[in-house]
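My request is simple: use the sequences and hints to build the entire structure.
Quick mapping for you: the protein sequence lines, in order, are chains A and B. First residue of the first sequence? That's 811 in the working numbering, and the numbers climb one at a time after it. First residue of the second sequence? That's 811 in the working numbering, and the numbers climb one at a time after it.
It is worth saying that the hints were derived from the structure and are not from the lab. Mixed in with the good hints, there may be bad ones.
The list treats identical chains as one, so a pair stands whether inside a single copy or across any two.
Here are the simulated lysine to any residue pairs, SDA-like style, with alpha carbons at most 20 Å apart [as the list claims (entries may be wrong)]: (1) Lys1129 to Gln845; (2) Lys843 to Lys1046; (3) Lys862 to Thr895; (4) Lys862 to Glu821; (5) Lys1100 to Pro957; (6) Lys843 to Ala1107; (7) Lys862 to Gly828; (8) Lys1044 to Glu970; (9) Lys1129 to His896; (10) Lys1129 to Thr895; (11) Lys1129 to Arg901; (12) Lys1129 to Arg1015; (13) Lys1044 to Glu821; (14) Lys1129 to Arg871; (15) Lys892 to Pro957; (16) Lys1129 to Leu898; (17) Lys843 to Tyr823; (18) Lys1046 to Gln845; (19) Lys1129 to Ser1166; (20) Lys862 to Tyr826; (21) Lys1046 to Glu821; (22) Lys1029 to Asp817; (23) Lys1129 to Glu899; (24) Lys1044 to Ser822; (25) Lys1100 to Glu1010; (26) Lys1044 to Ser905; (27) Lys892 to Pro824; (28) Lys1044 to Ala820.
Note that the structure is a prediction, hence the values are computed from the model and not measured.
2 protein chains.
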Amino acid sequence: MEVVNLDLGAESYPVYIGSGLMADGAILHPHIKGQQVCVVSNTTVGPIYGEKLRQQLGGDRAVDYIELPDGEEYKTLDSLNKIITHLLENRHERSTTLIALGGGVVGDITGFAAACYLRGVNFLQFPTTLLAQVDSSVGGKTGVNHPLGKNLIGAFKQPECVLIDIDTLTTLPDRELRAGMAEVIKHAAIRDIEFISWLEENLDRIQSLEPVTMSALVKRNCQIKAAIVSADEKEKGTRAILNLGHTFGHAIENAMGYGVWLHGEAVAAGSVMAADLSFRMGMLTSGECKRFKALIAAAGLPVCPPAEITPEQFVDLMKMDKKASGGEMRFVLLNGLGTATLVDRVDSDLLRQTLSAGDTLCEC
Amino acid sequence: MEVVNLDLGAESYPVYIGSGLMADGAILHPHIKGQQVCVVSNTTVGPIYGEKLRQQLGGDRAVDYIELPDGEEYKTLDSLNKIITHLLENRHERSTTLIALGGGVVGDITGFAAACYLRGVNFLQFPTTLLAQVDSSVGGKTGVNHPLGKNLIGAFKQPECVLIDIDTLTTLPDRELRAGMAEVIKHAAIRDIEFISWLEENLDRIQSLEPVTMSALVKRNCQIKAAIVSADEKEKGTRAILNLGHTFGHAIENAMGYGVWLHGEAVAAGSVMAADLSFRMGMLTSGECKRFKALIAAAGLPVCPPAEITPEQFVDLMKMDKKASGGEMRFVLLNGLGTATLVDRVDSDLLRQTLSAGDTLCEC
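Below, the structure is given as structure tokens:
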């Protein structure tokens, strides 16, 4: 088992990574303080892992369970209200612990429920998708979507711990595995050029879910995310570089309707757009651009946005993004592969070129 | 003008108290950081003070305004969603400031909106009811109600500052003034026996809203609340003594339907019940009991709960209260007038006597 520590002062916590963690109650127990637990899962993951996890939680504790419908379209205030009603009806007190068992949607909504149920109870994360394991379960961003955009209602709420059982990846659909790789490649691109090379070399082993490779992959991702989050928990500055591809990506998800494109797929195309814009701004070489696009393509991810989204629609949606500031869109761009930077002002002509490039993105 | 500082480390803020503050932009401006402001008020307070406040906010800033229906029954997730939708439609960014203009409902819901809009924006409080001025606007508790109970969904979110213009009390209905006095008497009872005497002596001046007296009254309340909150911001321990009368009071509000009894009225009757139980537990003398009940009565507040709530109904509702722990009800009791203490176990026979005492409460 590997352990990555998230250093956030009084709110620090460990991320455990390994095979078979779900069946190992000894790791879990010290992180549950009270006598009540509620596992929150969805209709896809719950039937596979719910019972296994509950077996580890029993003993003296009251173990409760709630299942949400699966899908980004259920990441709403309504679902939050359902969880809270369930907790109230089952008399969960301030000392209760919520456990998120599932992907990013389950994690985000459970974390937000933990942030606002009785003004805050403990929670911990059992991410079961690659995307949640390498990204959303670590860092304390929680929330729900609004019809006008993603994650617009939420809180910063750190878990007691994160338990990543890489065995859960064996039951994950291929499309979701690929989507998770988008955030992996993003982490490498913003912070670690050697990790880019490692990914290029190990793509076969990753795609066949070779356990030692997957543990190393998840660990390196958690280390990168932990370092960035520790330096800026509430995203007042540098943490925003984690949003590479997200300004474009959120616009794609929103325009297509949530759930049509997976978040990772939108981030993949959005990252290629960011690389393209970085090249046009003179920050990335043509070779770096092509190398980056090739890695995204090799991972089986989209390398351009849907043709039906017009540049005007992109601009409109991006201005609504919560990372906008003073009516200006903010972009995370690559200042060389392996380094990211936040750019407040982007030449509107260059932006339009990127938005109009279609499948010629990064073919510079 | 008086200033009481709330000492909460990096989240410290001032509470300004005085006459005419609403017309004095110079106090307000340093606490607004960005270029956007949204005033949140209700259909009762907004028409009286909304325009006056907006005049102070203008200049370079975009000043937006949203009005909620007046009443506790609108303190819901639905109203929260309305505020958030309004903010999104008007493109409020992370640098925006929300301003709560109204009583406790407006303050609590605006504060909660500020806590979760884009995972947190600034807000400040302009409380216009006595209850909000002496209690709910200070201390950072925000939230909304759930059909199963009050304030069950929320956050701890401290404002940038609180501005208390005591002139607003002149437009407050008498019933609400009286309701506010319940929290005033509560603060005195839990912390300051001399303040009890001061209230007994000054009740006439208070009821005629004599400005110097009201400034002194609000200031002393804010000092008491600030001292207790500074020692325990997140209510892990001593802060809970501020809930004197609230375990009983919330049960009354819930049983009668929100808004039928005002919060302060329920807290008044609940405080008399707590005093009665304190006497039965041997913690309060008969003389203190009667003196306390007499002050509540002199302030024009109810001194017993509605006859239709049965003891069984009380127990059932109180077990659901979010201050319950391990299935046990927790009570704030008086250990002598001017001192409060948290009691985890209460003899069920004594509790039943209090719940059955009706209008003979404290007639011991």
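A quick look at each hint next to the structure:
For the homomeric pair lysine 1129 and glutamine 845, the shortest alpha-carbon distance between copies (16 Å) is at most 20 Å, but the shortest distance inside one copy (46 Å) is not. With identical chains, the CA atoms of lysine 843 and lysine 1046 are at most 20 Å apart between copies only, with a shortest distance of 14 Å across copies and 31 Å within one. Proximity of lysine 862 and threonine 895 under a CA criterion of 20 Å is satisfied in neither setting, with 25 Å inside one chain copy and 40 Å between copies. Proximity of lysine 862 to glutamate 821 under the C-alpha cut-off of 20 Å is found in neither arrangement, the shortest distances being 28 Å within a copy and 43 Å between copies.
Proximity of lysine 1100 to proline 957 under the C-alpha cut-off of 20 Å is found in neither arrangement, the shortest distances being 35 Å within a copy and 56 Å between copies. Proximity of lysine 843 and alanine 1107 under a CA criterion of 20 Å is satisfied in neither setting, with 45 Å inside one chain copy and 44 Å between copies. Taking the closest pair of Cα atoms, lysine 862 and glycine 828 come within 20 Å of each other only inside a single copy of the chain (16 Å); across copies the shortest separation is 61 Å, beyond that limit. In this homomeric assembly, lysine 1044 and glutamate 970 come within 20 Å of each other (Cα to Cα) both inside a single copy, at 17 Å, and across copies, at 17 Å.
Taking the shortest Cα distances, lysine 1129 and histidine 896 sit within 20 Å of each other only across copies (16 Å), while inside one copy they are farther apart (37 Å). Within a single copy, lysine 1129 and threonine 895 get their C-alpha atoms only as close as 35 Å, which misses the 20 Å cut-off; across copies the closest is 16 Å, which meets it. For the identical chains of this complex, lysine 1129 and arginine 901 are inter-copy neighbours only, at 8 Å across copies versus 42 Å inside a copy, given an alpha-carbon limit of 20 Å. Taking the closest pair of Cα atoms, lysine 1129 and arginine 1015 never come within 20 Å of each other, the shortest separation being 40 Å inside a single copy and 55 Å across copies.
Taking identical chains as interchangeable, the C-alpha atoms of lysine 1044 and glutamate 821 lie at most 20 Å apart whether they share a chain (13 Å) or sit on different chains (14 Å). With identical chains, the CA atoms of lysine 1129 and arginine 871 are at most 20 Å apart between copies only, with a shortest distance of 19 Å across copies and 48 Å within one. With identical chains, the CA atoms of lysine 892 and proline 957 are at most 20 Å apart both within one copy (18 Å) and between copies (12 Å). For the identical chains of this complex, lysine 1129 and leucine 898 are inter-copy neighbours only, at 11 Å across copies versus 38 Å inside a copy, given an alpha-carbon limit of 20 Å.
In this assembly of identical chains, lysine 843 and tyrosine 823 lie within 20 Å of each other by CA distance solely inside one copy; the values are 14 Å within and 33 Å between copies. Taking CA atoms no more than 20 Å apart as the test, lysine 1046 paired with glutamine 845 passes between copies only; the shortest distance there is 17 Å, against 36 Å inside one copy. In the homo-oligomer, the alpha carbons of lysine 1129 and serine 1166 lie at most 20 Å apart inside one protomer (17 Å), although the nearest pairing across protomers, at 61 Å, exceeds that limit. With identical chains, the CA atoms of lysine 862 and tyrosine 826 are at most 20 Å apart within one copy only, with a shortest distance of 18 Å there and 56 Å across copies.
Taking CA atoms no more than 20 Å apart as the test, lysine 1046 paired with glutamate 821 passes in both settings, with 18 Å inside one copy and 16 Å between copies. Taking the shortest alpha-carbon separations for lysine 1029 and aspartate 817, only the intra-copy value of 15 Å comes in at or below 20 Å, while the best inter-copy value is 40 Å. For the homomeric pair lysine 1129 and glutamate 899, the shortest alpha-carbon distance between copies (12 Å) is at most 20 Å, but the shortest distance inside one copy (41 Å) is not. Taking CA atoms no more than 20 Å apart as the test, lysine 1044 paired with serine 822 passes in both settings, with 14 Å inside one copy and 18 Å between copies.
In the homo-oligomer, the alpha carbons of lysine 1100 and glutamate 1010 lie at most 20 Å apart inside one protomer (13 Å), although the nearest pairing across protomers, at 81 Å, exceeds that limit. Taking the shortest alpha-carbon separations for lysine 1044 and serine 905, only the inter-copy value of 14 Å comes in at or below 20 Å, while the best intra-copy value is 25 Å. When the C-alpha separation of lysine 892 and proline 824 is checked against a cutoff of 20 Å, the pair qualifies neither within a copy, at 29 Å, nor between copies, at 38 Å. In this assembly of identical chains, the alpha carbons of lysine 1044 and alanine 820 lie at most 20 Å apart whether taken from the same copy (15 Å) or from different copies (14 Å).
Violated hints for the displayed structure, listed by number in ascending order: 3, 4, 5, 6, 12, 27.
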